[in-house]
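J.: Going down the list, the protein sequences come from chains A and B. Okay, so the first sequence: first residue is 10 according to the numbering used here, each after it adds one. Okay, so the second sequence: first residue is 10 according to the numbering used here, each after it adds one.
No wet-lab data here; the hints were simulated from the structure. Be aware that a few hints might be false.
No distinction is drawn between identical chains; accordingly, a pair holds when it is met within one copy or between any pair of copies.
To be verified - Derived lysine-lysine pairs resembling PhoX-like cross-links, with alpha carbons at most 20 angstroms apart:
| # | residue 1 | residue 2 |
| --- | --- | --- |
| 1 | 199 | 189 |
| 2 | 237 | 189 |
| 3 | 189 | 31 |
| 4 | 219 | 237 |
| 5 | 251 | 219 |
| 6 | 202 | 152 |
| 7 | 73 | 189 |
| 8 | 31 | 97 |
| 9 | 82 | 97 |
| 10 | 189 | 202 |
| 11 | 80 | 199 |
| 12 | 199 | 152 |
| 13 | 80 | 237 |
| 14 | 31 | 268 |
| 15 | 199 | 268 |
| 16 | 80 | 152 |
Note that this is a predicted model, so its numbers are computed, not measured.
Number of protein chains: 2
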Amino acid sequence: MGGDHGCGVVIEGAIQALQADKRIRALYLVGDRAQIHAALPRGGFRDHRMRVVHASEVLTMDDKPAAAVRKKKDSSIVRAMELVHDGKADALVSLGNTGGIFAAATFRLGRIAGVDRGGIATIIPTPDQHFVLLDSGANIECKPMHLAQYAVMGSIYSREILGCQNPRVGILSIGTEESKGNELTLQAFKLCKRLDVNFIGNVEGHDLFKNHVDVVVCDGFVGNIVLKSCESLALAMFSLLKRELTANPGRQLGALLAKNAFRAIRRRMDPEVYGGAPLLGFNGVVLKAHGSARERAIASAIRVSTESIRHDLNGIIAEQIARADERLSAEAAVVTAA
Amino acid sequence: MGGDHGCGVVIEGAIQALQADKRIRALYLVGDRAQIHAALPRGGFRDHRMRVVHASEVLTMDDKPAAAVRKKKDSSIVRAMELVHDGKADALVSLGNTGGIFAAATFRLGRIAGVDRGGIATIIPTPDQHFVLLDSGANIECKPMHLAQYAVMGSIYSREILGCQNPRVGILSIGTEESKGNELTLQAFKLCKRLDVNFIGNVEGHDLFKNHVDVVVCDGFVGNIVLKSCESLALAMFSLLKRELTANPGRQLGALLAKNAFRAIRRRMDPEVYGGAPLLGFNGVVLKAHGSARERAIASAIRVSTESIRHDLNGIIAEQIARADERLSAEAAVVTAA
């Protein structure tokens, strides 16, 4: 119910995903039944695996997430989480209010044992590659341990889902030296050094788009600002490019001749191919797709969610988080005994 | 002594600035005399207003700023600050270690009465305009009052030096509502509402490049990361553009026909025209130019520093900070009395 383009686009994306993957056994459309039926394409679902689960309420962008999730028990996001919680579904994809999805996952799914806070990971494209930014807006006031756990979870996501063999993990800070940063990052650095991940230390803003790092951890305040600033700048540069290239006929001709170059850049820097942002650390696979996602992006998000299930992402996270906690508490014990 | 391209470029920039502005009475080149003389252009200074002040030491990028400023008493940055402190110079331009410049300004110039912390303001270009980002890396752990004072100082800089009539001031946060943010921004919001500036509330990353805001305040940790991330993304997009436009002869021809468009974009998004980042809140005008600054950028920085003097930037800051402090403490008294 949460997308900018209405139910029809979501249904079409879901149909594409089902057509591409015969192993999906069922796909539930959770929301207002009347709206969903009204938005059905000609010929109905055209796939017996598609089902509607009615929910009479919707979380809006104005709702306070935690309070709304508690109050609107018949909202589509709460009902969808219950399907996952009850084992009727393995994964959930939503285009709605990010805070609401996060709150619903926290209350209805709960966190994987050992995980202190869930996080939202965003995959940000770069000219040569991409990197995972975690947390990108859910956990505003982080503790050092949260960043350490993000390092573990982000590393697993990068390896299992994005296919990066030995992901380089960095803490986003204001200098590469261990001594540079704020209280949070200085403490997190000490923890991350002890983890069984490929920790490369601090990374700066300058490192982000140079293929220096695969997983960037930070608190949700910083992550959200970096994510949105970069999105905003990329859009601004595209619009400036368009304005300048259409300023006179000579430039227009040049732009026409080089149009495949611009298309390639747009494709390269398009976050839609990654299918949305995974919420990591919960007892269930949850993906937040962009509110403006269209058919292709929704199909991608569904594809990514099935991959997360097949790779047993959450099983691996549970195992590695337990190992990380063991390492860190063993270290702490040594320090105390010394 | 701190630039990437050596003394020669700095001297040439200084000569250009002197030629453009006959009202400058003296320009001191502070640094190693032998190196400066060796880098002189043919014909020497060609201007009697140019003088050399010898300094035997240099702050390097590896120095810990505060300690190095205390220890290296004969470093060029310390000697240059002394010229300002002693009234021999009105303004200082440096290409060196930002932390070192900030520490030297703190120790040798001191802060304007009433200013709790100095800050570094960066002017960031956008497709249609620019905005001032403050603090962009000096004050890592900020208090709410620091952000409020940045709102005042940034607003003055935007009006007096950048010519913005009624600068819109925003706090960088993760949502526009007053309730969105971290502890620091929530408290700073309450203070900024009471100031005599055009405070528009919180701004998000999405607002930065859309001409929604003229002065963006944040702590130095966030500011530095946003600044560097955006610089990095802009460079990455230029290099991607170049790669794609040279990929085959058709695109190359197109790029040639549209080359003025790319030139216009580069010029529009080039931070060098702003002449560097002012350090605000100190008893003296201080500008940090980019380490990679060339002649034109150095001349710009000198021009901006003379404008800051002529507009009595620091006099206005002193007056407005005193007024702001009065307003905020009067409010506090009312609250206490109630």
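J.: So, for every hint listed, does it hold in this structure?
T.: The hints, checked one at a time:
Within a single copy, residue 199 and residue 189 get their C-alpha atoms as close as 12 angstroms, which meets the 20 angstroms cut-off; across copies the closest is 30 angstroms, which misses it. Taking the shortest Cα distances, residue 237 and residue 189 sit within 20 angstroms of each other only across copies (15 angstroms), while inside one copy they are farther apart (24 angstroms). In this homomeric assembly, residue 189 and residue 31 never come within 20 angstroms of each other (Cα to Cα): the closest approach is 51 angstroms inside a single copy and 43 angstroms across copies. Within a single copy, residue 219 and residue 237 get their C-alpha atoms as close as 19 angstroms, and across copies as close as 12 angstroms, so both meet the 20 angstroms cut-off.
For the identical chains of this complex, residue 251 and residue 219 are inter-copy neighbours only, at 15 angstroms across copies versus 25 angstroms inside a copy, given an alpha-carbon limit of 20 angstroms. In this assembly of identical chains, the alpha carbons of residue 202 and residue 152 lie at most 20 angstroms apart only when taken from the same copy (16 angstroms versus 30 angstroms across copies). Within a single copy, residue 73 and residue 189 get their C-alpha atoms only as close as 36 angstroms, which misses the 20 angstroms cut-off; across copies the closest is 11 angstroms, which meets it. Taking the shortest Cα distances, residue 31 and residue 97 sit within 20 angstroms of each other inside one copy (18 angstroms), while across copies they are farther apart (80 angstroms).
In the homo-oligomer, the alpha carbons of residue 82 and residue 97 lie at most 20 angstroms apart inside one protomer (18 angstroms), although the nearest pairing across protomers, at 72 angstroms, exceeds that limit. Taking the closest pair of Cα atoms, residue 189 and residue 202 come within 20 angstroms of each other only inside a single copy of the chain (15 angstroms); across copies the shortest separation is 33 angstroms, beyond that limit. In this homomeric assembly, residue 80 and residue 199 never come within 20 angstroms of each other (Cα to Cα): the closest approach is 41 angstroms inside a single copy and 29 angstroms across copies. In this homomeric assembly, residue 199 and residue 152 come within 20 angstroms of each other (Cα to Cα) only inside a single copy, at 13 angstroms, whereas the closest approach across copies is 25 angstroms.
In this homomeric assembly, residue 80 and residue 237 never come within 20 angstroms of each other (Cα to Cα): the closest approach is 30 angstroms inside a single copy and 42 angstroms across copies. For the homomeric pair residue 31 and residue 268, neither the shortest alpha-carbon distance inside one copy (37 angstroms) nor that between copies (49 angstroms) is at most 20 angstroms. In this assembly of identical chains, residue 199 and residue 268 lie within 20 angstroms of each other by CA distance neither inside one copy nor across copies; the values are 49 angstroms within and 49 angstroms between. For a Cα distance limit of 20 angstroms, the shortest separation of residue 80 from residue 152 qualifies neither inside one copy, at 29 angstroms, nor across copies, at 36 angstroms.
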